[in-house]
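Visitor: Once you have looked at the hints, place chain B on chain A.
Protein chains: 2
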Amino acid sequence: MTQRYKLTLEYDGTDFHGWQVQPEIRTVQGELESALARLGGGPVRCEGAGRTDAGVHALGQVASFSLERTWTAERLLAALNGLLPADLRAVAAEPALPAFHARHSARWKAYLYLIEERPVATPIRRRYAHHVQRPLDLDAMRSAARWLLGIQDFASFCAGEDPGKPTVREMVSIELVRRDSVLRIRMVANGFLRAMARRVVGTLLEIGCGRLRPESSRSILLARDRAAAGATAPARGLFLERVVYDADWRGAGTPLAEVSPLAPLD
Amino acid sequence: MTQRYKLTLEYDGTDFHGWQVQPEIRTVQGELESALARLGGGPVRCEGAGRTDAGVHALGQVASFSLERTWTAERLLAALNGLLPADLRAVAAEPALPAFHARHSARWKAYLYLIEERPVATPIRRRYAHHVQRPLDLDAMRSAARWLLGIQDFASFCAGEDPGKPTVREMVSIELVRRDSVLRIRMVANGFLRAMARRVVGTLLEIGCGRLRPESSRSILLARDRAAAGATAPARGLFLERVVYDADWRGAGTPLAEVSPLAPLD
Chain A
84 MTQRYKLTLE YDGTDFHGWQ VQPEIRTVQG ELESALARLG GGPVRCEGAG RTDAGVHALG
144 QVASFSLERT WTAERLLAAL NGLLPADLRA VAAEPALPAF HARHSARWKA YLYLIEERPV
204 ATPIRRRYAH HVQRPLDLDA MRSAARWLLG IQDFASFCAG EDPGKPTVRE MVSIELVRRD
264 SVLRIRMVAN GFLRAMARRV VGTLLEIGCG RLRPESSRSI LLARDRAAAG ATAPARGLFL
324 ERVVYDADWR GAGTPLAEVS PLAPLD
Chain B
84 MTQRYKLTLE YDGTDFHGWQ VQPEIRTVQG ELESALARLG GGPVRCEGAG RTDAGVHALG
144 QVASFSLERT WTAERLLAAL NGLLPADLRA VAAEPALPAF HARHSARWKA YLYLIEERPV
204 ATPIRRRYAH HVQRPLDLDA MRSAARWLLG IQDFASFCAG EDPGKPTVRE MVSIELVRRD
264 SVLRIRMVAN GFLRAMARRV VGTLLEIGCG RLRPESSRSI LLARDRAAAG ATAPARGLFL
324 ERVVYDADWR GAGTPLAEVS PLAPLD
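Residue numbers (the numbering used here), protein chains in the order written: chain A, 84 to 349; chain B, 84 to 349.
Just chain A, with the same shape it has in the complex:
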């Protein structure tokens, strides 16, 4: 009997060429599918909630797949972690309904971006944060972020999306929190276009260092033109933090606001 599963993954994206499987290249999906094939005794296809780019990390990526055998969560996690490389870990598993699809069933996604503001970049943070030498103008960045909230056409903030694909998304919140010398930007939306999180951060970075004015985020948004946005922020600072499905959004699960954005880095 086929059983469907929902699997939560953490990874250090530094040494992966992103999520999506590609021949001869080390990807997260590729590593996971190889491990699943060994457990399942044959090819197993999985889907990921977010197709993270090369170098992007995850604290709460979600994958869905089916296995012929039924596994308890404990045994599935132990078996997978015995096969997966150390930079990719399965941290939670649960049975899911047959129709569950990690990407299509997702309601909300939270991405986190870390910026280290310090004269010299700390070596132990270099894989996990973008470095700027001078503190950014947080007020200007917050003003700019407010223009991006709500249901908006994010065409200016996407890269390489198929023409004709819808580019409207609902941005629920963009929080900016500074602690010690790290600025954390957390974006929650019902979906992110290709490179959108990094292009939003890239634009906020240009506003934070004074190269653009806060209200330019509004004109960039209204332009609906990929050439209008700021540079794409580097992948190393980005984390897919959490994917929320109906049952744990306003239901029994933890409200998104209560999830510590950086527990694993504290």
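It should be emphasised that the hints constitute simulated quantities derived from the structure, not laboratory data.
Where hints are given, some of them may not hold.
[To be verified] Far from chain B, some chain A residues (derived; all Cβ distances over 10 Å):
id: 1; residue: Gln103
id: 2; residue: Val104
id: 3; residue: Ser117
id: 4; residue: Leu180
id: 5; residue: Arg301
[Stated by the list, open to error] To give an idea of the chain A side of the interface with chain B (calculated C-beta under 8 Å), a few residues:
id: 6; residue: Glu93
id: 7; residue: Tyr94
id: 8; residue: Asp95
id: 9; residue: His140
id: 10; residue: Leu160
id: 11; residue: Ala169
id: 12; residue: Asp170
id: 13; residue: Leu171
id: 14; residue: Thr205
id: 15; residue: Arg209
id: 16; residue: Tyr211
[Stated by the list, open to error] Pulled a few chain B residues facing chain A out of the computed Cβ check, cut under 10 Å:
id: 17; residue: Ala169
id: 18; residue: Arg172
id: 19; residue: Ala175
id: 20; residue: Tyr211
Predicted, not measured: the structure shown is a model, and the values here were computed from it.
No residue lacks a Cβ here, since even glycine has one placed at the ideal position from N, Cα and C.
Guide: Same frame as chain A, but now just chain B:
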């Protein structure tokens, strides 16, 4: 005119074979001396406050050296960081008296050890923490730590030290703090024997998981025998956090207790 310098360094020890220069091998001292030779126009010898082992990190290693030319701190840092690899950064520089020696002049050293207590190891912490699957018994570890305070013969906790070399050190404090799923052990002493910090932690780990009783730290200490101590804890969890010299111990500098033990990881 020769000028002596005190340089503060941070490094990710993962890809270094420790501090001490060795032919054909990538070491912190080796990388620093190559960079200094390029600045100085000839060989420059430097000393490190702590000869950290392979894989051990630093948040506040101190090196001393002399250069023929006088540099401002800003220019020296910028020039060095332009030559050093990204996993080794010079974060502070100041002129020093001719007799200053990073190791011999040091009064106190603080080492920090991170233990992640979590069913599955977080990939983004895997280079910077030792992982245990179950929470350790913090009370037992604290009781055990108290026996190690004061002026004591740490012969049981050293590895490969020359016979006849003094093994008495003053352990000022051993603090254990748990936050989220990371246990931080911070040891302050007037000096650490070879592998001492990792052997103290190794013994506390065996006490924390119940394999040894808390008072065994006392019998191990009294045995003055290298075979008596617990296993050596893995290098990846250890950080040389700070080296204190006379002027900044009870003088003008920040009191040690006020230094955030983990600012760079927060």
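Visitor: Would you pick out the hints that fail for this structure and give their numbers low to high?
Guide: none
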